[in-house]
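S.K.: In case you want the letters, here they are:
There are 2 protein chains.
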Amino acid sequence: MPCTGRGGEDDLLKDQQDAYGHLLRHYLRTGEGTEIVERDDGFVDVAGGAKAYFAPHEEWPDHNTKAMKYVRGKVLDVGVGAGRVALHLQSRGHEVWGIDNSPLALEVCHERGLRHTRPLSATQLSSRLGQFDTILMMGNNFGLVGNPRRARWMLRRFKNMTSSDGRILADTRDPAQTDKREHLAYHEFNRRRGRMPGQVRIRVRFKTYATPWFDYLMVSKEELEDILQGTGWYPFRYIDSADSKGMYVAVLEKA
Amino acid sequence: MPCTGRGGEDDLLKDQQDAYGHLLRHYLRTGEGTEIVERDDGFVDVAGGAKAYFAPHEEWPDHNTKAMKYVRGKVLDVGVGAGRVALHLQSRGHEVWGIDNSPLALEVCHERGLRHTRPLSATQLSSRLGQFDTILMMGNNFGLVGNPRRARWMLRRFKNMTSSDGRILADTRDPAQTDKREHLAYHEFNRRRGRMPGQVRIRVRFKTYATPWFDYLMVSKEELEDILQGTGWYPFRYIDSADSKGMYVAVLEKA
Numbered sequence: 001m002p003c004t005g006r007g008g009e010d011d012l013l014k015d016q017q018d019a020y021g022h023l024l025r026h027y028l029r030t031g032e033g034t035e036i037v038e039r040d041d042g043f044v045d046v047a048g049g050a051k052a053y054f055a056p057h058e059e060w061p062d063h064n065t066k067a068m069k070y071v072r073g074k075v076l077d078v079g080v081g082a083g084r085v086a087l088h089l090q091s092r093g094h095e096v097w098g099i100d101n102s103p104l105a106l107e108v109c110h111e112r113g114l115r116h117t118r119p120l121s122a123t124q125l126s127s128r129l130g131q132f133d134t135i136l137m138m139g140n141n142f143g144l145v146g147n148p149r150r151a152r153w154m155l156r157r158f159k160n161m162t163s164s165d166g167r168i169l170a171d172t173r174d175p176a177q178t179d180k181r182e183h184l185a186y187h188e189f190n191r192r193r194g195r196m197p198g199q200v201r202i203r204v205r206f207k208t209y210a211t212p213w214f215d216y217l218m219v220s221k222e223e224l225e226d227i228l229q230g231t232g233w234y235p236f237r238y239i240d241s242a243d244s245k246g247m248y249v250a251v252l253e254k255a
Numbered sequence: 001m002p003c004t005g006r007g008g009e010d011d012l013l014k015d016q017q018d019a020y021g022h023l024l025r026h027y028l029r030t031g032e033g034t035e036i037v038e039r040d041d042g043f044v045d046v047a048g049g050a051k052a053y054f055a056p057h058e059e060w061p062d063h064n065t066k067a068m069k070y071v072r073g074k075v076l077d078v079g080v081g082a083g084r085v086a087l088h089l090q091s092r093g094h095e096v097w098g099i100d101n102s103p104l105a106l107e108v109c110h111e112r113g114l115r116h117t118r119p120l121s122a123t124q125l126s127s128r129l130g131q132f133d134t135i136l137m138m139g140n141n142f143g144l145v146g147n148p149r150r151a152r153w154m155l156r157r158f159k160n161m162t163s164s165d166g167r168i169l170a171d172t173r174d175p176a177q178t179d180k181r182e183h184l185a186y187h188e189f190n191r192r193r194g195r196m197p198g199q200v201r202i203r204v205r206f207k208t209y210a211t212p213w214f215d216y217l218m219v220s221k222e223e224l225e226d227i228l229q230g231t232g233w234y235p236f237r238y239i240d241s242a243d244s245k246g247m248y249v250a251v252l253e254k255a
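Chain order of the listed sequences is A and B.
Everything in the first sequence is counted per the working numbering, starting at 1 for the first residue and increasing by one.
Everything in the second sequence is counted per the working numbering, starting at 1 for the first residue and increasing by one.
Just so you know, the hints here were simulated from the structure itself, not pulled from any lab data.
Incorrect hints may have been included.
Facing chain A, a subset of chain B residues (Cβ under 8 Å, in silico) [stated by the list, open to error]:
| # | residue |
| --- | --- |
| 1 | 36 |
| 2 | 37 |
| 3 | 41 |
| 4 | 43 |
| 5 | 47 |
| 6 | 55 |
| 7 | 58 |
| 8 | 178 |
| 9 | 184 |
| 10 | 203 |
| 11 | 205 |
| 12 | 241 |
With a cut-off of at most 20 Å between alpha-carbon atoms, the simulated SDA-like pairs for lysine to any residue come out as follows [unchecked claim]:
| # | chain 1 | residue 1 | chain 2 | residue 2 |
| --- | --- | --- | --- | --- |
| 13 | B | 51 | A | 46 |
| 14 | A | 14 | B | 41 |
| 15 | A | 180 | B | 29 |
| 16 | A | 51 | B | 48 |
| 17 | A | 180 | B | 32 |
| 18 | B | 14 | A | 32 |
| 19 | B | 180 | A | 32 |
| 20 | B | 66 | B | 14 |
| 21 | B | 51 | A | 69 |
| 22 | B | 180 | A | 69 |
| 23 | A | 180 | B | 34 |
| 24 | B | 180 | A | 180 |
| 25 | A | 180 | B | 69 |
| 26 | A | 245 | A | 183 |
| 27 | B | 159 | B | 174 |
| 28 | B | 254 | B | 70 |
| 29 | A | 51 | B | 243 |
| 30 | A | 180 | B | 221 |
| 31 | A | 51 | B | 45 |
| 32 | A | 180 | B | 210 |
| 33 | B | 66 | B | 56 |
| 34 | A | 221 | A | 197 |
| 35 | B | 159 | B | 56 |
| 36 | B | 66 | B | 243 |
| 37 | B | 245 | B | 159 |
| 38 | A | 69 | A | 56 |
| 39 | A | 51 | B | 59 |
Predicted, not measured: the structure shown is a model, and the values here were computed from it.
For every residue, glycine included, the Cβ atom is placed at its ideal position computed from N, Cα and C.
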């Protein structure tokens with residue numbers, strides 16, 4: 001039956017591409033795991049690492065901790081990962097839904113006790129999941145909007161998925177806040193090809209696993225405010241990191 | 001002048017390919033630097049790291065430390081790197097020559113006080129450098145022989161570059177001594193394409209720098225003894241690592 005065979009191949013490819021999920025599951029089992037991020041200019045580096053994705057509340061970056069007081073009601077965690085934030089909020093009594101395009105990440109969340117998960121990417125979200133009071137894009141996950149056009153499209157969609165006093169907690173960083181030559185050169189490279197400076201094209205690699213290439217967007221406050229124009233959202237508050245230059249959470253409310 | 005232009009481009013490419021040297025120089029300057037090694041099956045991992053290349057004598061792997069008592073006379077360090085072993089032996093009074101195909105590695109060695117260096121790869125060695133009493137291939141650097149055919153060719157050449165009681169200290173590891181699924185699968189992949197199991201094809205990446213792909217050979221004692229047949233060298237002693245399974249230094253003497 002060729003259909004079954006094809007399904008098997010597709011599953012194999014999907015598994016091969018779930019580098020992020022394999023990393024998380026490996027870390028859950030062994031306490032080890034190094035996430036390598038490759039950028040489309042050939043730059044490679046080790047990311048914060050699996051450890052950061054599992055960090056308990058007391059070890060979070062300061063601006064993530066501070067952002068929690070803006071969370072209310074029913075929560076949607078976009079790119080829930082290992083459930084760092086979702087599990088914390090669930091333990092505080094929130095109903096939390098975690099979505100991720102990584103099947104193994106959701107397996108990890110489930111194993112750690114997260115009650116509501118759905119295998120969806122950020123662009124597959126719709127009001128079918130119900131209405132939320134808070135949408136979380138923590139751990140730099142505002143980046144999942146990918147590019148400014150898609151960001152606007154997604155923010156408008158989030159408007160219909162949230163209550164009238166709904167909020168988005170958008171964690172990102174100002175890409176210009178660096179003195180690293182290779183990053184500044186990349187921003188320039190992006191400008192030349194008509195992209196936003198912080199619109200990084202990357203893939204995650206772990207062992208022999210590699211995700212497809214994807215866009216991840218990092219923005220300054222000014223760039224964020226440009227994007228928000230006409231979406232129905234405005235920056236109600238900024239929570240700056242005291243530890244890491246340029247990192248901040250924007251608390252977005254409905255205009 | 002096109003010739004100059006071409007020279008400039010070649011220099012740029014050469015610099016772009018000196019990932020290993022850039023890593024070492026970066027570490028010398030900042031105390032930081034992560035070496036990423038990519039294998040031709042897509043496996044990526046973080047290597048021991050720049051720190052290991054600069055480790056002082058008291059922090060060496062045990063079998064490296066023990067191997068030092070077999071060093072005598074004038075020393076050639078093949079793949080000298082940051083000069084970890086060469087500088088130690090120089091401080092103990094040996095005349096030590098360090099060769100490396102990485103220009104920046106030699107710059108690092110020079111800055112750290114190594115007196116004799118030459119920008120040569122292992123295959124470019126000849127008796128023009130004079131006669132040596134000990135040839136060092138430490139830090140897993142027996143791997144630089146690349147493949148069994150080239151290993152034999154190189155060992156014969158080393159015979160003519162050494163005194164009658166000359167020695168080679170060949171540091172390597174038995175690739176079969178692992179239970180990691182991805183490594184065992186790679187060994188099988190190698191066997192299927194007619195290579196030795198531990199003949200890994202890799203490149204070093206650091207930031208946007210990447211070396212060309214190269215073969216690096218790891219062998220069991222049995223495989224080493226096969227290679228030594230007819231080269232004029234025999235394993236006088238094996239120094240096994242007590243800490244890391246399968247790692248050992250072979251002290252080779254003339255038959």
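S.K.: Decide, hint by hint, whether the structure agrees.
M.R.: Structure-based check of each hint:
Checking residue 36 (chain B) against chain A by beta carbon gives a least distance of about 5 Å; that is within 8 Å, so the hint holds. Nearest Cβ of chain A to the Cβ of residue 37 (chain B): about 10 Å, over the 8 Å cut. The hint is violated. Nearest Cβ of chain A to the Cβ of residue 41 (chain B): about 6 Å, under the 8 Å cut. The hint holds. For residue 43 (chain B), the suggested interface contact is upheld, since its CB lies about 5 Å from the closest CB of chain A, less than 8 Å.
Interface restraint check for residue 47 (chain B): the shortest CB-CB distance to chain A comes to about 11 Å, outside 8 Å, so the restraint is violated. A hinted interface residue such as residue 55 (chain B) counts as satisfied when its beta carbon comes closer than 8 Å to some beta carbon of chain A; here the least separation is about 20 Å, so the hint is violated. Hint status for residue 58 (chain B) relative to chain A: violated, with the closest Cβ pair at about 26 Å, above 8 Å. Contact between residue 178 (chain B) and chain A, as hinted, is not supported at the beta carbon level, the nearest pair being about 13 Å apart and thus beyond 8 Å.
Hint status for residue 184 (chain B): violated, given a least beta-carbon distance of 12 Å to chain A, over 8 Å. The restraint placing residue 203 (chain B) at the interface with chain A is violated, with a minimum CB-CB distance near 11 Å, outside the 8 Å limit. Interface restraint check: residue 205 (chain B) against chain A, minimum CB-CB distance 5 Å, threshold 8 Å, status holds. Taken as an interface hint, residue 241 (chain B) does not check out: its beta carbon lies about 21 Å from the nearest beta carbon of chain A, beyond 8 Å.
The straight-line distance between the Cα atoms of residue 51 (chain B) and residue 46 (chain A) is roughly 15 Å, inside the 20 Å bound, and the hint therefore holds. Between residue 14 (chain A) and residue 41 (chain B) the alpha-carbon distance is near 17 Å, which keeps this suggested pair within the 20 Å criterion. The hinted pair formed by residue 180 (chain A) and residue 29 (chain B) meets the criterion: a straight-line CA distance of about 14 Å does not exceed 20 Å. Note on residue 51 (chain A) and residue 48 (chain B): the hinted pairing holds, with a Cα-Cα distance of about 19 Å set against a maximum of 20 Å.
This hinted pair checks out: residue 180 (chain A) and residue 32 (chain B) have alpha carbons roughly 14 Å apart, not beyond 20 Å. Under the criterion of a C-alpha separation no larger than 20 Å, the hint pairing residue 14 (chain B) with residue 32 (chain A) is inconsistent with the structure, at around 35 Å. Our distance criterion of 20 Å between C-alpha atoms is met by residue 180 (chain B) and residue 32 (chain A), whose separation comes to about 14 Å. Under the criterion of a C-alpha separation no larger than 20 Å, the hint pairing residue 66 (chain B) with residue 14 (chain B) is inconsistent with the structure, at around 36 Å.
For a cut-off of 20 Å, the pair hint linking residue 51 (chain B) to residue 69 (chain A) is broken: about 41 Å separates their Cα positions. Taken as a hint, the residue 180 (chain B) and residue 69 (chain A) pair is broken in the structure, with Cα atoms around 44 Å apart against an allowance of 20 Å. Pair hint residue 180 (chain A) plus residue 34 (chain B) holds up; C-alpha atoms about 15 Å apart against a cutoff of 20 Å. The suggested pairing of residue 180 (chain B) with residue 180 (chain A) is violated, with an alpha-carbon distance near 36 Å, which exceeds 20 Å.
For the proposed pair residue 180 (chain A) and residue 69 (chain B), the alpha carbon gap of about 44 Å is over 20 Å, so the pair is violated. Taken as a hint, the residue 245 (chain A) and residue 183 (chain A) pair is honoured in the structure, with Cα atoms around 14 Å apart against an allowance of 20 Å. For the given pair, residue 159 (chain B) sits about 24 Å from residue 174 (chain B) by alpha-carbon distance, which is inconsistent with the 20 Å threshold. For the hint pairing residue 254 (chain B) with residue 70 (chain B), the CA-to-CA distance comes to about 14 Å; that is within 20 Å, so the pair holds.
Between residue 51 (chain A) and residue 243 (chain B) the CA atoms are separated by roughly 25 Å; this puts the pair beyond 20 Å, and the hint is violated. For the hint linking residue 180 (chain A) to residue 221 (chain B), the alpha-carbon distance of about 45 Å lies beyond 20 Å, and the restraint is violated. Of the supplied pair hints, the one linking residue 51 (chain A) and residue 45 (chain B) holds, its CA atoms being roughly 16 Å apart against a limit of 20 Å. Proximity of residue 180 (chain A) to residue 210 (chain B) is assessed by CA-CA distance (about 18 Å); at most 20 Å being required, the pair is judged to hold.
Annotation: proposed proximity of residue 66 (chain B) to residue 56 (chain B) holds, straight-line Cα distance about 14 Å (limit 20 Å). Restraint check: the Cα-Cα separation between residue 221 (chain A) and residue 197 (chain A) comes to about 13 Å, which is no more than 20 Å; the hinted pair holds. About 30 Å separates the Cα atoms of residue 159 (chain B) and residue 56 (chain B), which puts this hinted pair outside 20 Å; it is violated. Of the pairs offered as hints, the one joining residue 66 (chain B) and residue 243 (chain B) holds, with about 13 Å between alpha carbons and a cut-off of 20 Å not exceeded.
Taking the CA atoms of residue 245 (chain B) and residue 159 (chain B), the gap is about 30 Å. The hint is violated against a cut of 20 Å. Restraint check for residue 69 (chain A) and residue 56 (chain A): the C-alpha separation of about 17 Å stays at or below 20 Å, so the hint holds. Restraint check for residue 51 (chain A) and residue 59 (chain B): not satisfied, since their Cα atoms lie roughly 26 Å apart, outside the 20 Å limit.
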